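Asks: Take these sequences, add in the hints, and give me the full structure.
Chains as they are written, first to last, in the working numbering: chain A, 1 to 389; chain B, 1 to 260.
The hints are all genuine.
Between beta-carbon pairs, the in silico distance windows are:
hint, chain 1, residue 1, chain 2, residue 2, range
1, A, 173, B, 198, 35 to 41 Å
2, B, 198, A, 179, 49 to 55 Å
3, B, 172, A, 346, 30 to 36 Å
4, B, 251, A, 204, 20 to 26 Å
5, A, 124, B, 65, 32 to 38 Å
6, A, 348, B, 241, 37 to 43 Å
Since the hints were derived computationally from the structure, they do not count as laboratory data.
These figures come from a predicted structure and were not determined experimentally.
The beta-carbon is built from N, C-alpha and C at its ideal position, and this holds for glycine as well.
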Amino acid sequence: MKYLTLASCILLLTSVLVYAQVDLYGYLEPQYSAFYRDSTFYQTNYNKLRIDLKSTAVKNTEFGANVIYLLYFGKKDWNILDFLPDHIISMIPPETYPYYQLTFNDTFFLDNAYARINIRRLALTVGKQQISMGTGYFSNPTDVLNTKDALDPTYEQPGHNALRLDFYIGSRVNLMALYTPIEFDWENSGKLVRAKIGIGHFDFSVSGHEYQHTSTNFYTFQQTQERRMLIGADFVGELLGLGIWGEGIYNFMENNDDNSYEFIVGTDYTFESGLYAMVEYHRNSLGKPTHNEYFLNDWMRYFTGETKTLSQDQIYGLIQYPLTDLIMVGSSAVFSISDQSFVLIPMVYYSLFENVDLTLMFNFYIGEEGKTFSSTLGNGGFLRAQVYF
Amino acid sequence: MRKILFINKLALFAVLFMLQIAQLHAQDNITAQDIINTMTETMNPDQSQGKMKMTIITTSGQERTFEYETFSKNQGEKSLMKYLKPTRVKGQTILMLNNADDIWVYFPRTKRVRKLATHAKKQKLEGSDFSYEDMGASDEFIEEYESVRMKDEKKEGHDCYKLELIRKPKSSAGYSRILMWVDKESLVPVVIDYYHDDDPQLMEKQLVCSDIQLIDDIHTPMKYVMYNKLDNTHTSMEIIEVTYQVDLPDDLFTEQGMQK
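Replies: Right, here's the structure in full:
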C-alpha cells in the first residue's frame with residue numbers, strides 16, 4: 001500500500017510537470033572542508049541539493065522556483081569566541097558566552113519562488129527572487145541585499161522577497177524599481193530605483209535605495225533598526241584595452257550624522273596566453289582604519305554579514321590560467337591595507353565530466369592575531385563537486 | 001503583410017547577391033577586397049536563427065558537447081547565443097553587439113549579467129577552440145585587416161581564391177595574419193589559417209568549413225572544425241537547423257532578451 005501511494009504520488013507529480021511543461025533541473029554539491037588551527041585539525045562538510053523548477057507554459061510568463069536541502073556532517077558545533085582575539089573575549093560578559101555557540105543544522109528551504117511576466121518592454125517579477133546589482137567582483141556597494149564571501153565572491157546568493165519592475169526603454173536603456181516588503185509596512189520596506197544606460201563601450205547606472213538596516217549590539221544582543229537612504233552609481237567599460245569598472249555609494253543615516261560611503265574600482269585584462277588578471281580596490285568608510293579599533297561589534301557584524309568589511313581599505317586580486325581545456329588554475333588574494341594582513345586563496349577548477357565540476361580551493365591567512373586575515377583563523381581549504389542534472 | 005514584405009526583401013537580396021557572385025565570376029581581375037566583401041556578405045546574412053551543436057575534443061581525448069540557439073541581425077552586427085545543453089550551462093546567454101566589440105554574459109543560476117571588455121574576446125568559449133572573437137566579429141576581416149590576393153589554389157576539393165590578410169596597425173584583432181581559401185563558386189571560405197598574435201609565422205588555429213548547402217538561397221557551410229595547432233585539440237560545430245527567413249525583434253538583442 002505504501003509503495004502504491006508513493007508510485008501514485010510520483011505519477012501525479014510527473015503528470016503535473018509534463019502537463020505544465022515544467023523543466024526540472026538542479027545540482028548536487030558535496031563539499032569537504034578541512035582546516036588547521038591551534039594544533040587541531042577540523043573538518044566540516046555538507047551535501048547540498050538544489051532542485052529548480054521552471055515553466056514558461058503560459059505565454060509571456062515564467063514561473064521559477066528552487067528548493068535547497070543542506071545536510072551537514074563533520075564538526076557542526078562551533079564557538080565563535082574561538083576565532084576572536086583574546087583581548088576582545090576579555091571584554092565579553094561571561095553570561096553571554098552561550099550566545100556565541102553556533103550549530104550548523106540540516107536545513108530544507110524554498111530559496112526562490114517567483115513569477116516573471118513580460119509585457120512588451122515591461123517585466124514584472126513577483127516573489128522570492130535572486131537580485132544582484134553592481135559591477136564589482138569582490139564586493140558590490142550598491143547591493144545592500146547581499147553580502148559576498150571574500151574567499152568565494154561569485155557563489156550564488158539567496159533569494160529575496162521582492163516586487164521588481166524592469167522597464168526596457170531602449171536597446172541599452174532601462175529602469176528598475178524594486179520593493180522589498182517588511183511585514184507589509186510600507187514606510188519601513190525597502191524601495192529602490194535604478195536607471196541604466198549604455199553609451200559606447202560603457203554601461204552606466206545610478207540608483208537610489210531607501211531601506212531598513214538592522215544592527216546588533218553583541219554585548220547585549222539587542223537589535224536596532226535604522227532607516228538608510230543610499231545614493232549610488234556604477235559603471236563598466238574599457239579604457240586603453242583594459243576592462244574597467246567602478247561602483248560607489250553614499251549612505252544617509254536616519255538616526256545620526258555619521259553618514260558613510262563605500263566604493264570599489266577595478267580593472268582586468270586577458271593576455272594572449274589566456275592568462276586573466278584582475279585587481280580591485282575597495283574602500284568602506286564603515287570599516288576601521290587600524291586593527292586597534294576592531295571591537296566585538298566590528299568582528300561579529302563582519303562575521304554575520306551586517307557589515308561588509310572589517311577594515312576600511314582592501315585590495316582584491318585574481319589571476320586565472322587555463323592549464324588545459326578542462327583545468328583552470330589560479331589564485332585570488334585579499335590584502336587589507338588598513339591592518340596589513342593578507343589572505344591567499346589558490347584554486348584549481350576541473351571539469352571532470354560534461355556535467356560534473358570539481359573545485360579545490362585553499363585559504364592561507366597571513367596576519368597577526370587581531371587583524372582581519374589573522375593566521376589564528378585557521379588555514380585550510382575545501383574540495384567541492386558540482387553535479388548538474 | 002510585414003512578413004510578405006520581408007520575404008520579398010529577402011528574395012530580392014538573394015537575387016542581387018547571386019548577380020554579384022556571377023559578376024565576380026565574370027571578372028578575372030577581382031581584388032582581394034571584393035572577395036572579402038562578398039564573402040562577408042555571404043557568411044553574414046541580414047538575419048538568421050539557428051541551432052548549433054558544438055563538440056570539443058580535449059587534449060586528453062575527452063568529448064564535450066554543447067547545444068545552443070543562435071540569433072543574428074544586421075549582417076551579424078548583433079548576435080545572441082543561448083545554451084540549451086548541457087545542464088551545467090543551460091540558459092547561459094551571450095549577447096554580442098557592435099560586431100562583438102561589446103559582450104554581455106547572462107548567468108541564469110545567479111541571475112547576473114556581466115559585461116566583458118574587448119580583451120575577453122580572446123577567451124575560449126566554454127573551453128572550446130573558438131574564441132568570442134571567432135564567434136561574433138562579422139566584419140572583422142574587412143575592418144581589421146588589409147587583404148592581398150595570392151595565386152589561386154585548390155583546397156579541400158574546391159577551386160579557391162587564396163587571400164592573405166595582414167592585421168592593420170593599431171587593430172585590436174587577436175590574430176596577426178590570416179590565410180584564407182575561398183570557394184570560387186559559393187564565395188564561402190573553405191579553410192582559414194589563423195596566425196599567432198605575436199608571431200605572423202606561427203599558425204595558431206585552422207578552421208575547415210565543409211558540407212556547403214544552399215539554404216534560403218544562401219550558401220551555408222553546415223560544418224565547421226577549428227583545429228588548435230598549439231594545444232593539439234579541435235572543436236567541431238554543426239548547424240542542426242538554420243533559417244534566414246526570419247524577422248527578429250530588436251528587443252531580443254537586449255538585456256531583457258537575454259533573460260527571456
